[in-house]
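**Student:** Residue numbers (my numbering), protein chains in the order written: chain A, -15 to 208; chain B, -15 to 208.
Bear in mind the hints are in silico, worked out from the structure with no lab data behind them.
Every value quoted in this text rests on a predicted model; they were computed, and no experiment measured them.
Don't take every hint at face value.
For identical chains, the list gives no copy identity; a pair is met inside one copy or between any two copies.
[Unchecked claim] Each computed SDA-like pair below joins lysine to any residue, with the alpha-carbon atoms no more than 25 Å apart:
#: 1; residue 1: Lys159; residue 2: Asn97
#: 2; residue 1: Lys159; residue 2: Arg104
#: 3; residue 1: Lys78; residue 2: Ala170
#: 4; residue 1: Lys159; residue 2: Ser98
#: 5; residue 1: Lys131; residue 2: Ile178
#: 6; residue 1: Lys41; residue 2: Leu133
#: 7; residue 1: Lys78; residue 2: Arg104
#: 8; residue 1: Lys159; residue 2: Ile102
#: 9; residue 1: Lys82; residue 2: Leu109
#: 10; residue 1: Lys159; residue 2: Pro120
#: 11; residue 1: Lys78; residue 2: Glu176
#: 12; residue 1: Lys47; residue 2: Pro112
#: 13; residue 1: Lys159; residue 2: Glu99
#: 14; residue 1: Lys78; residue 2: Met100
#: 15; residue 1: Lys36; residue 2: Met185
#: 16; residue 1: Lys41; residue 2: Ile58
#: 17; residue 1: Lys202; residue 2: Val156
Residue strings, one per chain:
2 protein chains.
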Amino acid sequence: MFNSLHMHSFTEENYLKAIYHLSEDNSMAVSTNQIAEMTNTKAASVTDMLKKLADKKLINYIKYQGVTLTESGIKAAVNIIRKHRLWEVFLVEKLGFKWDEVHDIAEELEHINSEMLINRLDDFLGNPAADPHGDPIPDRTGVIKHKKLVRIADMQAGESGTISGVSEHSSVFLKLLEKLGLTLGAKIIISELIEFDGSIMLSIDQHAERTISREVAKNILVIL
Amino acid sequence: MFNSLHMHSFTEENYLKAIYHLSEDNSMAVSTNQIAEMTNTKAASVTDMLKKLADKKLINYIKYQGVTLTESGIKAAVNIIRKHRLWEVFLVEKLGFKWDEVHDIAEELEHINSEMLINRLDDFLGNPAADPHGDPIPDRTGVIKHKKLVRIADMQAGESGTISGVSEHSSVFLKLLEKLGLTLGAKIIISELIEFDGSIMLSIDQHAERTISREVAKNILVIL
DNA sequence: TAAAATTTTTAGGTTAATCTAAATAAATAA
DNA sequence: TTATTTATTTAGATTAACCTAAAAATTTTA
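Construct all of the structure, not just a fragment, from the sequences and the given hints.
**Tutor:** In structure tokens form, the structure reads like this:
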């Protein structure tokens, strides 16, 4: 079943995705332990899988030196991410799910294998540029248009911008933002940086004035 | 991952579905070989799985005597069928697939596990009663409303009806019906039964007059 | 109803993905 | 730069789902 050129097992796909996401921030080779943590497995299991993925030329792997994805590994990972994000848009836009409810379901849907399905879904959704969390959706050729985003934590008093992404996707965090009115598209203006604890006062959509912790501010991304 | 009350593995689900479909016509206990054929496995593998399903109280199994589904086995199977058919409606109604293209994709989608997802999909689709092939969609409590359908092969000259189902789901067959204009909703009138080879002449939607083989006629289902 | 054919089960293996425990390599600290 | 700690890999098992070949049960046929 999982033998054709573009077909990788459910599990292989999850490793590829994990490696991709880990190398997004890192920009360095990814370590065995990092992968183990992300995939909820043990280091020994990861080593086994790395050998397998290396045999398939999906990763560059040298013992003890971590891994990077090859061209075809990146392609495979990006395709899974495309599917994940399109399904998330579907769940929110068409089925009325909230942005904090869609991750686990998309995690299953992303492994459905049909190019035609995903391209038609893409069209049905109007070829969205971003998922419900603001993350960019790769197009059908694998190209990702990244926006220049800034963390609220890095902004100065007086600066303003539009909330366009988050760097923390947990349900608790997303529910909090929802409650605070800090959702995608909200326009914010930084009123004051509190020196004592690094918390930040800002106004949201001209009216609500709020103070948020530095920890929250680090995980909200804005277009200036 | 597959441990909670309603969770069965991908493979277990496929066996349950196979047993369900085999006992639809049979109405008798289903044999090991029948299951092996339907699931593309060998009899020995089936025996292994039957023991497992029996341990889980999903089937009634006595060595050498075939199997029937238990109440909870039926529940599980019907739920999978519900998901399969709802996804087929989605693929045809929303994504523009043809009725002969959706089976394999739905075969994958049917294993996505989220009650909320499937109920919302159901609502999004307008709670359809039947899938693109006319097969009834179980409601969220597992109830299936069967229509009284008659095979064209069993009709008499002069009788009329509306095509409402098929008993053969292969792509070749469905494409043929498409070409002949014998799709769901078409109104037919039997003009003549050809004694020589059992083929049948009929009119479709008042105009087209066609002759179809007995083999084709056996697999088209009609409401009188 | 005994022999032959068929069906089903058992026995024993394989593969993918996982694990624990032990061994080895690399990084850090004294 | 040696010793200690940490990270990674290897060795050896386990589990689910499958297989082939042989044995046992059932069914069919003569």
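**Student:** A separate judgement is required for each hint: does it hold in the structure or not?
**Tutor:** Hint by hint, here is what the structure shows:
Taking identical chains as interchangeable, the C-alpha atoms of Lys159 and Asn97 lie at most 25 Å apart only when they sit on different chains, with a minimum of 23 Å there against 31 Å within one chain. For the identical chains of this complex, Lys159 and Arg104 are inter-copy neighbours only, at 21 Å across copies versus 31 Å inside a copy, given an alpha-carbon limit of 25 Å. Proximity of Lys78 to Ala170 under the C-alpha cut-off of 25 Å is restricted to the intra-copy arrangement: shortest distance 22 Å within a copy versus 31 Å between copies. For the identical chains of this complex, Lys159 and Ser98 are inter-copy neighbours only, at 20 Å across copies versus 33 Å inside a copy, given an alpha-carbon limit of 25 Å.
In this assembly of identical chains, Lys131 and Ile178 lie within 25 Å of each other by CA distance neither inside one copy nor across copies; the values are 28 Å within and 70 Å between. Taking the shortest alpha-carbon separations for Lys41 and Leu133, neither the intra-copy value of 33 Å nor the inter-copy value of 54 Å comes in at or below 25 Å. For the identical chains of this complex, Lys78 and Arg104 are neighbours both inside a copy (15 Å) and across copies (9 Å), given an alpha-carbon limit of 25 Å. For a Cα distance limit of 25 Å, the shortest separation of Lys159 from Ile102 across copies, 23 Å, qualifies, whereas the shortest one inside one copy, 29 Å, does not.
For a Cα distance limit of 25 Å, the shortest separation of Lys82 from Leu109 qualifies both inside one copy, at 17 Å, and across copies, at 19 Å. Taking the closest pair of Cα atoms, Lys159 and Pro120 come within 25 Å of each other only inside a single copy of the chain (21 Å); across copies the shortest separation is 39 Å, beyond that limit. In this assembly of identical chains, the alpha carbons of Lys78 and Glu176 never lie at most 25 Å apart, being 39 Å within a copy and 49 Å across copies at closest. In this assembly of identical chains, Lys47 and Pro112 lie within 25 Å of each other by CA distance neither inside one copy nor across copies; the values are 40 Å within and 55 Å between.
In this homomeric assembly, Lys159 and Glu99 come within 25 Å of each other (Cα to Cα) only across copies, at 21 Å, whereas the closest approach inside a single copy is 33 Å. When the C-alpha separation of Lys78 and Met100 is checked against a cutoff of 25 Å, the pair qualifies both within a copy, at 19 Å, and between copies, at 13 Å. In this assembly of identical chains, Lys36 and Met185 lie within 25 Å of each other by CA distance neither inside one copy nor across copies; the values are 50 Å within and 60 Å between. Taking the closest pair of Cα atoms, Lys41 and Ile58 come within 25 Å of each other only inside a single copy of the chain (11 Å); across copies the shortest separation is 44 Å, beyond that limit.
Taking the closest pair of Cα atoms, Lys202 and Val156 come within 25 Å of each other only inside a single copy of the chain (15 Å); across copies the shortest separation is 57 Å, beyond that limit.
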